[in-house]
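Q: The chain contents come next:
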Amino acid sequence: MFKPKTYKNSTELANLSGIPIYMHDMVDAALISRLNTFLQGNTGSGKTQIVRDVMHYLPKSLFILGRNDMDTRELFQQVNPEFLRAIKTGEYSETKFKKLTDKVNYNLIAVDELPNCVPAVRAQLFNLFDGFIEIDGKAYPIGSGYSIGMATGNIGQQFTESSNELGRALKDRMHLIIDTDYFMPKPIDTFEMLTQDRNPRVNFKEDREDKTKEIIEEHEKLKQREVPFEKYVIASYLIHGLDYLPEEYGGSKTALKSGWPNKLEGHAAGSDETLILPVSPRAAKSIITLSQALDSIIEEKGAQPDYFASMMTAFKFASAYSGILNPAAVMQVYGENPYKAMDAVIETTKTQFDSQKDLIAAGLEMARQGQEKQKILNEFSGRWGFMRNLLENLSKKNETS
Amino acid sequence: MKLPKIIFGISTEEAYKRAMSREGNGEKKKETSIQLSVQASINRKDYVKVPNTNTLIAKFEPDESKGLTWEKTHYKLAENGLFMPAPALFMPYFMNVIDAYNGKIQLYDGLGNQINRKEVEDIYKHLTINHVNNGAYSWLDALFKEENNFWYIETEHRVINGKLKGTRQPLEICLMEDCYVSLDFNKQGLAIKKSNNQEYEQGKNIKFVYPKDGTVAGFVANSDWADLDCYRIPQDSSSDLGVFPCAEGTSKN
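Protein chains in written order, with this note's numbering: chain R, 1 to 401; chain D, 1 to 253.
Please note: incorrect hints may appear among the correct ones.
Straight-line distance between alpha carbons at most 20 Å, and here's what the computed PhoX-like set of lysine-lysine pairs gives [as the list claims (entries may be wrong)]: (1) R/K263 to D/K194; (2) R/K350 to D/K145; (3) R/K263 to D/K193; (4) R/K396 to D/K5; (5) R/K375 to D/K2; (6) R/K223 to D/K2; (7) D/K2 to R/K397; (8) R/K231 to D/K2; (9) R/K396 to D/K2.
No lab work stands behind these hints, which were simulated from the structure alone. Since this is a predicted model, take the numbers as computed values, not measurements.
Please take these sequences and the hints and turn them into a complete structure.
A: Shown next as structure tokens:
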């Protein structure tokens with residue numbers, strides 16, 4: 001669906017069912033799953049061009065260049081000049097704003113160099129990404145049925161600092177954060193881009209090719225696409241299984257609060273207990289949604305999706321910069337590359353599922369029959385303890401139905 | 001919610017049948033005498049049935065198992081249909097022996113006969129001090145590997161078509177320092193809790209030497225301590241160093 005007009009990059013981000021996934025596929029997946037995306041990277045990594053190329057297909061776009069002297073008034077002016085007029089003339093009523101926000105029908109809110117914006121402006125931009133405007137503490141949904149936020153910036157290591165306001169806000173509000181520095185275009189890509197256009201400025205061509213209808217249709221189709229049951233099991237593992245610690249260490253990483261991972265120091269160097277926190281239920285939803293989009297792209301390219309693999313790829317790209325990795329371990333053990341750390345976690349996850357999938361299948365059959373067999377339930381312990389609870393409750397539901 | 005009949009490419013019905021036909025009920029129960037059928041040619045009286053399993057483990061290291069490297073020990077055991085115990089099997093067994101010594105459980109030999117008090121004491125002392133052949137000195141089936149700063153344990157080695165093959169798993173959380181540890185072990189049989197007393201207390205704690213890249217596990221008991229040592233060099237051999245051979249059985253009951 002999304003074929004960048006100018007940006008070229010043949011570096012693989014992942015390989016699913018033998019099909020390579022490139023940067024434009026990941027952007028495509030973000031568009032059809034409507035996941036707000038932040039492209040992090042150094043100057044010249046092509047992140048702004050990607051956003052520009054997306055705008056090429058979504059003509060109803062609002063492009064904002066992040067500046068530190070921009071205030072919310074100027075932002076509102078750009079979103080809809082009538083906002084300021086309404087405030088100035090005293091026509092300051094809920095009904096008035098509702099009418100104005102209804103008129104804001106951008107499909108894409110694109111912000112270049114988002115970190116340059118002051119916190120108040122950033123907060124409003126994040127609201128716009130999520131499809132609403134906040135005025136005097138009240139949220140007004142913006143008119144368009146489909147809107148997505150894409151932003152770029154280069155904030156480097158500040159990402160890993162949980163105390164950093166910008167890092168925290170990005171982790172909270174952006175569903176997908178991709179560091180383009182780890183997936184740079186290959187020489188042939190830059191060669192082709194050079195021969196295609198020697199203008200050193202980012203391509204701002206106005207001859208847009210409107211694909212809004214197709215993108216929205218794909219988005220609607222994706223919403224209807226049935227989520228395979230294994231994806232819910234995998235998501236449960238990412239929420240609960242990754243939280244597990246032996247009782248001796250408190251039973252839960254989350255319960256250790258700021259004690260994680262320091263209280264585990266001296267134990268199991270290299271195991272995922274000290275490397276990663278569980279994902280939040282909200283992040284798990286993003287992971288499922290993104291994996292659904294990746295499955296759809298794989299099918300479009302003529303291959304059969306591998307649900308586990310697409311979930312792991314979605315987990316990798318939705319979580320590498322989401323603040324769940326132990327930054328000290330990423331820095332010391334994985335050469336500051338969070339994707340390498342995610343690869344290690346994924347390898348453990350795969351081993352865990354390989355050893356448990358037969359039992360999970362047996363447990364599901366037990367639940368379908370509305371039974372609770374201790375012989376099967378007792379097999380789920382430790383980081384798989386969540387599965388016992390899940391199966392017991394599914395059994396009860398099936399028993400009564 | 002409609003539950004699928006196939007998940008991860010596995011038929012739930014068939015998986016259910018497999019799970020239900022497996023022996024045991026998944027939970028620990030009080031051990032009673034169970035007759036086991038064993039294919040390996042062994043003197044079953046010289047073996048202890050590891051509680052809650054169908055595995056037999058030798059009471060002591062037989063002389064013919066001694067003097068070999070870790071790898072050669074595997075091949076030697078395989079010739080007789082036997083295998084080396086992994087820490088995941090051996091450390092729970094070690095705790096069973098302590099429980100039996102303290103009168104909490106009964107141990108049974110490979111014939112299903114209750115092991116008498118005197119022999120339980122011998123086995124216990126062999127595993128905790130320099131008793132019977134100067135105490136335990138044996139290989140365990142765990143090879144530790146560090147790859148790309150990630151730790152793995154390779155265990156369940158079996159000789160297949162003349163080649164030694166193991167199963168690799170990520171190392172579960174365990175202590176990563178040399179110290180005395182309490183008798184709490186993770187699923188892989190490795191220590192997880194430092195002992196409050198950093199001096200040896202027979203039957204209450206053991207010494208733990210944490211894994212290093214390329215090393216294997218062993219269990220030692222001598223006049224000074226009992227020791228789960230994960231820093232043994234697989235190429236080493238000694239005339240005293242042997243193994244507690246294990247045999248897999250199936251229940252006759």
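Q: Can the restraint linking R/K350 and D/K145 be considered satisfied, given a maximum Cα separation of 20 Å?
A: Since the Cα atoms of R/K350 and D/K145 sit roughly 18 Å apart, the hinted pair holds (cutoff 20 Å).
Q: Between D/K2 and R/K397, does the CA-CA distance stay at or below 20 Å?
A: The hint holds at about 10 Å.
Q: Are the Cα positions of R/K263 and D/K193 separated by 20 Å at most?
A: The hint holds at about 13 Å.
Q: Regarding the pair R/K396 and D/K5, is the alpha-carbon distance no greater than 20 Å?
A: Satisfied, since the Cα-Cα distance of roughly 18 Å is no more than 20 Å.
Q: Straight-line Cα separation of R/K231 and D/K2 no greater than 20 Å?
A: Holds, at roughly 14 Å.
Q: Does the structure keep R/K375 and D/K2 at a Cα separation of 20 Å or less?
A: Violated, because 23 Å separates the two Cα atoms, which is more than 20 Å.
Q: Please verify whether R/K396 and D/K2 have alpha carbons no more than 20 Å apart.
A: holds (13 Å)
Q: Take a quick look at whether R/K223 and D/K2 sit within 20 Å of each other, Cα to Cα.
A: holds (19 Å)
Q: Taken at face value, is the distance from the CA of D/K194 to the CA of R/K263 at most 20 Å?
A: At roughly 13 Å apart (the allowed maximum being 20 Å), D/K194 and R/K263 satisfy the hint.
Hint violations for this structure: number 5 only, all remaining hints satisfied.
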